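Asker: Starting from the given sequences, assemble the full structure and let the hints guide the process.
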Amino acid sequence: MLFRCKALFGFTLAALLGAAGAHAAEIELDTVKGIEIGKPGGRIIVAALGEPKTFNPISANETSSTDILAHIYDGLLGYNPEKKVIEPALAASWEHSEDYLTWTFHLRRGVQWNDGAPFTADDVIFSASVIYDEKIINPARSFLEVKGERFKFIKKDDRTVEVRLPAVFGPFERAIATAVTVIPKHKLEADWKAGRFAEALNIDTPPKDVVGTGPFMIGSYLSGERVVLVRNPHYWRQDEKGQRLPYLDEIVFLNVPDLDAMDVAFEAGKTDVHDPLPPDKFKRFKDGEQKGNYTVHDLGGDLGESHFWFNQNTGSNPDTGKPYVPPHKLAWFTNRKFRIAVSHCVNREGIARNVFRGRAQPLYSPISPADKVWHNPDIPRFEYDLDKAKALLDELQYIDRNGDGIREDPQGRKIEFLFITNRENDIRERMGAILQESFQQVGIDGRMKLVDFNTLVTAIADSFDYEACLLGLTGSDNPLNGLNVFRSSARTHSWFPNQKTPATEWEAKVDQLIEQYLATPELPDQVKIWHEIQRLYGENQPMAWLVNPNVYVAVRNKFGNMRPQVIRPRALWNREEIFVK
Amino acid sequence: MRTYILRRLVQVIPILLLVPFLTFFLIDLAPGNILDAWKLNPQIPTEVIEQMTVQYGLDQPWYARYFSWLKGAVLHLDMGYSVSNKRPVAPVIGERLFNTFILALLATCIEWFVAIPLGILSATRQYSWVDKICSAIAFLGLSIPAVFLSLLALLFAKETGWFPIGGLRSLEYDTFTAGQKVLDILHHLFLPAAVLAASGLASYMRQMRGNLLDELRADYLITARAKGLSEPVVIGKHAVRNALNPLITLFGFSLSGLLSGSVLVETVMSYPGLGRTVVEALFAQDEYLVVASLLMGTVLLIAGNLIADILLALSDPRIRLQ
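In order, the protein sequence lines correspond to chains A and B. Take the first sequence: its position 270, counted from the start at 1, is 270 in this note's numbering, and no numbers get skipped. Take the second sequence: its position 279, counted from the start at 1, is 279 in this note's numbering, and no numbers get skipped.
It is possible that some hints are incorrect.
As the list claims (entries may be wrong) - Below, a list of computed lysine-lysine pairs in the PhoX-like style, where the Cα atoms sit at most 25 Å apart:
id: 1; chain 1: B; residue 1: Lys-181; chain 2: A; residue 2: Lys-500
id: 2; chain 1: A; residue 1: Lys-581; chain 2: A; residue 2: Lys-291
id: 3; chain 1: B; residue 1: Lys-39; chain 2: A; residue 2: Lys-147
id: 4; chain 1: A; residue 1: Lys-270; chain 2: B; residue 2: Lys-39
id: 5; chain 1: B; residue 1: Lys-181; chain 2: A; residue 2: Lys-208
id: 6; chain 1: B; residue 1: Lys-158; chain 2: A; residue 2: Lys-286
id: 7; chain 1: B; residue 1: Lys-158; chain 2: A; residue 2: Lys-558
id: 8; chain 1: B; residue 1: Lys-39; chain 2: A; residue 2: Lys-449
id: 9; chain 1: B; residue 1: Lys-181; chain 2: A; residue 2: Lys-283
id: 10; chain 1: B; residue 1: Lys-158; chain 2: A; residue 2: Lys-270
Unchecked claim - Restraint-style ranges between C-beta atoms, simulated for each label pair:
id: 11; chain 1: A; residue 1: Lys-84; chain 2: B; residue 2: Thr-175; range: 40 to 50 Å
id: 12; chain 1: B; residue 1: Gly-94; chain 2: A; residue 2: Glu-429; range: 30 to 40 Å
id: 13; chain 1: A; residue 1: Gly-148; chain 2: B; residue 2: Gly-57; range: 24 to 34 Å
id: 14; chain 1: B; residue 1: Gly-94; chain 2: A; residue 2: Lys-135; range: 20 to 30 Å
Think of the hints as simulated: they come from the structure by calculation, not from any bench. None of the values given here were measured: they were computed from a predicted structure. Think of the CB as a built atom: it goes at the ideal place given N, C-alpha and C, for glycine as much as any other residue.
Answerer: In structure tokens, the structure reads:
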């Protein structure tokens, strides 16, 4: 009975609101189901390591900007990192033709920009034109192409946008969710036409002119201090009780210069969210849970990873004509058995135990097990086993011939190499020390050389003058973002980038499989292809994957609907649902 | 005097041309460039990197970038574009400059208004307990590195809760009245300024004490006392004025140090100053930002010396500028 009364009351309220403003009633709200019903008000304070560099979502390409802009702008489609599905956002529904070449998006009715202007199909078309504008540097463009050709965005009516593809594009929905951020035509068109797009929306733009459809908008920005986001009253989501989201009034991003300052700020109670909390600090923060009234959330394995690889670049320096890698070393490095022997030397458990205090898992695959959709659990594992490593090296006739404890190849050349890693990273340095020890035990003279970050990047990306490298990459939960690693022609195809034609048969096969993936519309079939790609990678061990550290985030207990996910922005992905209890 | 100042200003021009020239050259010697962090990110398409390389002239030799920068700087007062901040250099520096300026101003005030009276006090009461305590404090201030002192201050703020940790303004700043705003900023400024002032304070105090002790033994003071002048006039008008000369020269140098000296304190104590921006720019190899900040340091050094020379001439009639 009580329930009914409430329902009736809700209805009257809605009717009243409807009477108050005609256009407000027309909005097609998205009701978030299954969440705890919260109450409006309050703020959450988050420590941010870098500063936003721009308020322009199209040209932003650093996480310090995108972490903030993600709350201000919406895409046509969204991605739910908890359920791992594509969700409706500014497009309330969408469908595709039988041949997957025409996609129709039905835009949400009555959505308003945070300055009150109506959102229409024109905004979507405008956003696509800006992304496709060659003069505007942006990372989104490359997602919106298939076989080098662009999509066509066509306005059907004010609420319908049709996208025509020149060919089937398997990850189309994901690409749209990742790359199409909708920006306001009424604010930016004139500047874009005048060639002033970059200046029209940047960090100096007054907060009221930063116009989006997301749950929050810029309240104020103080360089070096903080960015304050305030609630957007026009946001298009509601809870099951009919309360407009977001609940929070403010999100504050407090700028901190480094990780230590971040620790202090959290421990002193200045911030509510501590992210990232590195595994080696887990105990310190876990112990303070009661006193600080917070919870350390274990988000499982990270999407990023660390790996070790040999330089297998067969090219030579165009200026001196000298090969990047001396031919005899290249022969070792391109030998699959040698690489497998080296992979057997990687003491993954030891690294997890000693460097990460047990808060990391051994890693054998280029796609982290944390990526539950795409990871292949059945790929070959070359576990830590020095005897197997020795046997393989013996089999290759790499034997210690002069009794100095270091093996020589059949031509009598010492098996020695230097692996570089960057010196600013203490964790990597300790992993390198453990690797070095195992190498010595099997009779390989592999030594770590610490270099500055810029030197390292120059070596692996420009001069290719190095023998081996230990490095980590930040990951993503979708192989579409990783094509720049997996393709043999890619820039971050670490061991041999920018290949004109695939250097090996298996890399050629991977390239083919990637093309096949791009042309495969349904997810289960795509996953099958990626399992095969991972198997090829596992079998050939172009790199040895080390470990997959766990990710932790500490958040004060006063927040409801706090369900952090491993994908950025970990604690704030469902920012509109978060409320102060 | 006027010709002297003019001549000094003309001498500045070659320095102002040479400093950026050397900076461009040295940054080019270091491996890599500003796009390195993007190059390693698989999510940044190669086209974007190529486009940025061309747009920011990174495919050209360093001297070409120097000359095109010079042209913009001289003709349009355009200091270039900060790639890592995605906007021109001038506003990047401008918004932080004021913060560093008020920090340095407060620190300098603490240094001078505390150091000189204490220096006079310990010189006039040599070997008394006041002198001994001042000396002890001075040695402590000189011997504790600024980093350590910053960390101590941070710990102090965190444990007592009396001072804010980092930042310059409270979250509620916008709701404050004008008076509250000033107090709020001073509250935030106090600890960083005190840390920044510590070593300078100690050295000025010792300088003042030493100089004054030398003057106190001078013959002209005996004359002054013999004329029957009161002790405050003897010390204040005659001895202190002469003892100040070397300190004025020190002040000239300290002006340029204000910019660089606060880097450590700003970083450790999360203060939103220029120092942090400049250090970040150096690590990122953000050329134009580095050049602009070095230029500013140069200008401050030159201006500081010029001001010191002029002040010296004003305070000591024996010195003539020509």
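Asker: All hints, please: hold or fail.
Answerer: Taking the hints in turn, this is what the structure says about them:
no., hint, result
1, B/Lys-181 to A/Lys-500, "violated, 62 Å"
2, A/Lys-581 to A/Lys-291, "holds, 18 Å"
3, B/Lys-39 to A/Lys-147, "holds, 23 Å"
4, A/Lys-270 to B/Lys-39, "violated, 35 Å"
5, B/Lys-181 to A/Lys-208, "holds, 23 Å"
6, B/Lys-158 to A/Lys-286, "holds, 19 Å"
7, B/Lys-158 to A/Lys-558, "holds, 22 Å"
8, B/Lys-39 to A/Lys-449, "holds, 21 Å"
9, B/Lys-181 to A/Lys-283, "violated, 39 Å"
10, B/Lys-158 to A/Lys-270, "holds, 10 Å"
11, A/Lys-84 to B/Thr-175: 40 to 50 Å, "holds, 42 Å"
12, B/Gly-94 to A/Glu-429: 30 to 40 Å, "holds, 39 Å"
13, A/Gly-148 to B/Gly-57: 24 to 34 Å, "holds, 28 Å"
14, B/Gly-94 to A/Lys-135: 20 to 30 Å, "holds, 27 Å"
Checked against the numbered hints above, the structure violates hints 1, 4, 9; every other hint is satisfied.
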